[in-house]
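With chain B held as given, fit chain Z onto it using these hints.
Top line first, the protein sequences correspond to chains B and Z. Okay, so the first sequence: first residue is 114 according to the numbering used here, each after it adds one. Okay, so the second sequence: first residue is 114 according to the numbering used here, each after it adds one.
To be clear, the hints were calculated from the coordinates, so they are not data collected in a lab. A few of these clues could be false.
[Unchecked claim] Rough simulated footprint, nothing fancy, chain Z against chain B, three-plus residues with beta-carbon under 8 Å: (1) 268–278; (2) 652–665.
[As the list claims (entries may be wrong)] Derived contacts from chain Z toward chain B, CB cut-off under 8 Å, selection only: (3) 195; (4) 304; (5) 445; (6) 446; (7) 493; (8) 557; (9) 559; (10) 560.
[As the list claims (entries may be wrong)] Simulated crosslink set (SDA-like; lysine to any residue; CA at most 20 Å straight-line): (11) 524(B) / 191(Z); (12) 442(Z) / 669(B); (13) 509(Z) / 189(B); (14) 442(Z) / 186(B); (15) 650(B) / 516(B); (16) 324(Z) / 523(B); (17) 524(B) / 203(Z); (18) 442(Z) / 187(B); (19) 676(B) / 442(Z); (20) 205(B) / 554(Z); (21) 442(Z) / 666(B); (22) 537(B) / 462(B).
Fair warning: this is a prediction, and the values are worked out from it, not measured in the lab. Beta carbons: idealized from backbone N, C-alpha and C, even for Gly.
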Amino acid sequence: MLPRSRCWAMALLLCFSLASVRGQEPAAPPSIWHWLPEQPVLVAQLKEPAQLIQWAIELGQWPELQGFRSYREFLVSTPWRRFQQFIGHVEKELGQSWSDLLQPASREGIVFALEVKINNADPKPEDEPRPETPPKALLIVPFKDAGQAKQVARLLEEMGHFELERQNSKTKYEYQQHRGATIVHLGDQFAFAAAESYLLLANQPSVLQAALDRRAQPRQQTPKFLQALSELSPAADQGNRLAWTWIDLEQIKRDKNLKTLLTIPNNDPIPYYVLGGLLDTVRRSPWALFELRRQDMDVRFQVAMPAGQQDMNPGLRAAFAPAIADLGIRKPLNLPGLFYQQSFYLDLHALVARQADYLSESVRKEFQEFDKNSGYVLFGQRFSKIVSHLGARHLFVAAQQRQMGYEVHPKTVLPSFGLILELKDPDAFDRAMQPILRSVGLLSSLNIKMTMVEEKVGAVPMVGYRMVDNEELRQRDQGLYFNFSPCFARVGRHYVLSSTMELGRDLIQHLSHETDASDPSDGTSVHHVFSWAALGKYLESIRSLLVTQTILQEGLDREEAEKQFDLSQKLLERLGSVEASVQYGATHFRFELRSRLSR
Amino acid sequence: MVRYLRDQIDPRWAWAPYEPDSERPWDLRLAGHVYRRAGFGATYQELQEALRAGPKATIDKLLQGGDGQEAFDRECQTMAEAIQAQADDLPLRAWWLYVMLYTPHPLREKMTLFWHNHFATSQAKVLNVAYMLRQNQLLRQHALGRFGPLLQAISKDPAMLIWLDTVESKKGKPNENYARELMELFSLGIGHYTEADIRQAARAFTGWEIKQDRFFFNRTQHDATSKTVFGQSGPLIGEDVVRLCLQQTACASFLARKLFRYFISETLAPDADLIEPLAKAFRDSNYDVKLVVETMLRSNLFFSDHAYRARVKSPTEFGVGLVRSLNGKVGTIGLAQAMENLGQKLFFPPSVKGWDGGTQWLHSTTLLQRQNLAQAITSTEDQRFGRRCDPAQLIKQQRVPEQDDAAVVQFFVDLFLQNDLPEEARQRLTLYRRESAKHRYPPFWTEEDVREHRLRTLAYLVISQPEYQLD
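With the rest of the complex left out, here is chain B (with noise of 0.2 Å):
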């Protein structure tokens, strides 16, 4: 449990940081830029809170939400209902209603700024332990007019007052004056003042002293953060900017161990294959940025760095970023039942062969080892040589099972898997991989009873292997293996491998009609889909265990933990799908997350 002067702080904070006022808007509003440090390391706006809040409310307005027993629950609990009370006591207290005082914060926004020491030294063995210096840390709420920032100042000040005296507290709060404010503090660790429309809140008293000073003498030139906006900020019509906040990578990359992970050639590859070339572009980025946009219901979630496809490393570049107007990843495929897409373009043939761009030669070493003997266990083939084979441009699904492929129904119906390789040399793949997918299939055979299936779809050769259906294997762990009967096939330029055959056999149909898998490419590397609907139709298959789940987390009965699956599976038709895509642009570099509601 939060100690219950924490839980007041914490209350404060939120909903200052929230609040921001309808202000008249003056001839010439001074910048809250220039409260500001000149080298944050971190900046962050709340641009619209009003709007953040209204779209919460919104949200919480869904007849499908409303059912739900632990979001009633929520709504009448003693800490949401306090909270409640408490904006009430504000309001009053302000003599102003929540909706005025969140009118959007057209005029500034709500900014929070942290300065942070970047410790980049190497200690020597017989230096002294040096003292730890605390971030800096600087909340910027504007309000209406003075003295409503003063109003607010002082109800908080009051209520901490009343708080500390409530808990018959020793710490008591000291002043100071500053360049005509007084700055109120708890010692070293929590202080506020009002000056001028705003109200400042830090968490040390010379926070404030340092941004009274700045106020007093504003510095000309436009700060870095501001550049960045201009920069790199989408364009208008992609929804409102709620929020933002920017990061200055180059203060970051100063420490000692950041820079070990960002150095070209590298001693450690696993950062690479998991990260793909998003290492390189920080290690070039003087700073990112991230935004939160909303269109309609449509949310959009972005990072993005001034650093793209020029200048980035030969190697990555070559593996993992298409080139901008050749051809782009596959597009999305339009199969019932997969709720979750990823088309990703990966050349891992450029990815072993141009190591040298980016591992150190004592890794590349190790891989020239594995690669010699990766022939023991891939039936005389190289792995490298397996992968020069290899094209791209690739998809990975996740499916609902629409058929199951056995009589037999396993306990927990697992989703089904597919995967779509491109391939530059079908050929050469083929005969590569036919022994190894075949003595694979084999070897598991021993342990595991299966039947090799060879079918045809349409025109093209299947190989499957089935479960053979007998009582061990349905005892077996619940019948979970009756979740899977892998199988492969080449078709045309593509090779595909799925954990079962039917879904095997809808990826085989898709791609035989397959017309234009691409169109041009704009730099995106990855695209993710995932769809909230199908994925419900999928957890309709394992209903059970979840109604038993919801009775054992939530203590209701059945008939009403029932009522909430159905709820669930409505909530979910509405929340849409979620969208995200890595993009390496010619300039820059973009990470996109967007929610797309069902209207």
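For chain Z alone, kept in the frame of chain B given last:
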């Protein structure tokens, strides 16, 4: 502290049925005692009904269980089938807590918990939720039945076969673990068997395996040659060894002592004279567990000061009892997680000996965690437990006059401590009740907030009394 009372307790008096009299009247205190031992505590309504019904009818009810058992068992079975396919053990633990909280037959569940500690098997080694669940259902099925069939069944239980390495026991390479624990911990106790008995018995359990998730007797791996256990020779198999254990005189005494500690007292070390009538009844009834439990629950000794609050509540008894007494409903996933911090993770006993229990349950950390759990449940501010265990609502439902501070204190003391609290502590609670009206509360709290907060805090303070830790 162990009290040796060899010359103080007359066995005939001890096991004779209790009849209320002026010295030991049937009151709230004893009604609460019965419900704590034979279940997980009582609601206010159950306590009042017990007062009206008297000890005999109350114990009859607890032995039989309440209405709706079949429907409840069906529901639990449906849930069990859903969770057994999971690799995660948290739903399994939550499932059992759900059964304990809402079962119409708390004594059966209390006995299932007893057997879980007696045949302590841990998921940490078994690593199979379905096996652990099946063992739990086996314990429940035999909870108040006969010990013989239970001991035979548990010997072939897949979880036990893995836990004590019986599955590894092959002809020529017998594993002695099960044979040893069968005698030492499950049936006879130290001193009633020899090392030779164990070695010979281990050979009888060779070839006991699991096939298709069931017990499988693999004749090719079984040592079919002659063995001698407890002086009996022949080509003994595992069932024979179990039968021979049950034939030993020590078996009934061993079990009776363990049940004595569970139902009567953890602090009283009973001598042979005191245990023997119980052991004899157990033996003569062909190990009828229900009969022994009934004898104990109805006995003079059970209702005497020797037994009253002579046990420390286990974390499960503490957590489940708290929710039950508030007539509340909580999600048991959160409760299972909290219970872990209290020192009892169900299905994960620390060793084959089970949990030590007694004062081992309480130390600075677990005591603090008990207080935290009590506050989390009664404050209604913890999202894990919600508002359905609200002492303030209970006061409203029971129409306790809130303006009467003494009546409010009395209600909670009755509910949680069955009116058994030192006067000094009661005065402190009454003082808090009075003074809390004068405390300063946040200005945005309504009168109702303050009223409810004071009631919830008072309930929490009553639960925080040392007496509440005792069973």
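Consistency of the hints with the structure:
1. Judged by the Cβ-Cβ criterion of 8 Å, the region 268–278 of chain B is covered by chain Z as claimed, because 4 of its residues qualify and three suffice.
2. Under a criterion of three residues with beta carbons nearer than 8 Å to beta carbons of chain Z, the stated coverage of the region 652–665 of chain B is upheld, 7 such residues being counted.
3. Hint status for residue 195(Z): holds, given a least beta-carbon distance of 4 Å to chain B, under 8 Å.
4. Restraint check, residue 304(Z) versus chain B: the minimum CB separation of about 42 Å is more than 8 Å; hint violated.
5. Residue-level restraint check for residue 445(Z) holds (minimum Cβ-Cβ distance to chain B is 5 Å; threshold 8 Å).
6. Given hint, residue 446(Z) at the interface with chain B, holds; its Cβ is 5 Å from that chain's nearest Cβ, closer than 8 Å.
7. A least Cβ separation of about 5 Å between residue 493(Z) and chain B falls short of the 8 Å threshold, and the interface hint therefore holds.
8. Because the smallest distance between the Cβ of residue 557(Z) and any Cβ of chain B comes to about 3 Å, under 8 Å, the interface hint for this residue holds.
9. Among the interface hints, the one on residue 559(Z) holds; its C-beta lies about 7 Å from the nearest C-beta in chain B, closer than the 8 Å criterion.
10. Hint status for residue 560(Z) relative to chain B: violated, with the closest Cβ pair at about 12 Å, above 8 Å.
11. In summary, the hint linking residue 524(B) to residue 191(Z) is supported, as the alpha carbons are separated by about 12 Å, within the 20 Å threshold.
12. Using a Cα cut-off of 20 Å, the hinted pair residue 442(Z) and residue 669(B) holds, with the two alpha carbons roughly 8 Å apart.
13. Pair hint residue 509(Z) plus residue 189(B) holds up; C-alpha atoms about 18 Å apart against a cutoff of 20 Å.
14. This hinted pair checks out: residue 442(Z) and residue 186(B) have alpha carbons roughly 13 Å apart, not beyond 20 Å.
15. Restraint check for residue 650(B) and residue 516(B): satisfied, since their Cα atoms lie roughly 13 Å apart, inside the 20 Å limit.
16. Straight-line distance between C-alpha atoms of residue 324(Z) and residue 523(B) comes to about 19 Å, which keeps the hinted pair within the 20 Å bound.
17. At roughly 18 Å between alpha-carbon atoms, residue 524(B) and residue 203(Z) fall within 20 Å of each other, so this suggested pair holds.
18. With a C-alpha separation of about 15 Å, the suggested pairing of residue 442(Z) with residue 187(B) holds against the 20 Å cut-off.
19. A threshold of 20 Å between alpha carbons decides the hint, and for residue 676(B) with residue 442(Z) the separation of about 18 Å falls inside it, so the pair holds.
20. Of the supplied pair hints, the one linking residue 205(B) and residue 554(Z) holds, its CA atoms being roughly 17 Å apart against a limit of 20 Å.
21. Restraint check: the Cα-Cα separation between residue 442(Z) and residue 666(B) comes to about 11 Å, which is no more than 20 Å; the hinted pair holds.
22. Restraint check: the Cα-Cα separation between residue 537(B) and residue 462(B) comes to about 10 Å, which is no more than 20 Å; the hinted pair holds.
In summary, the structure is inconsistent with hints 4, 10 from the numbered list given earlier, while agreeing with the others.
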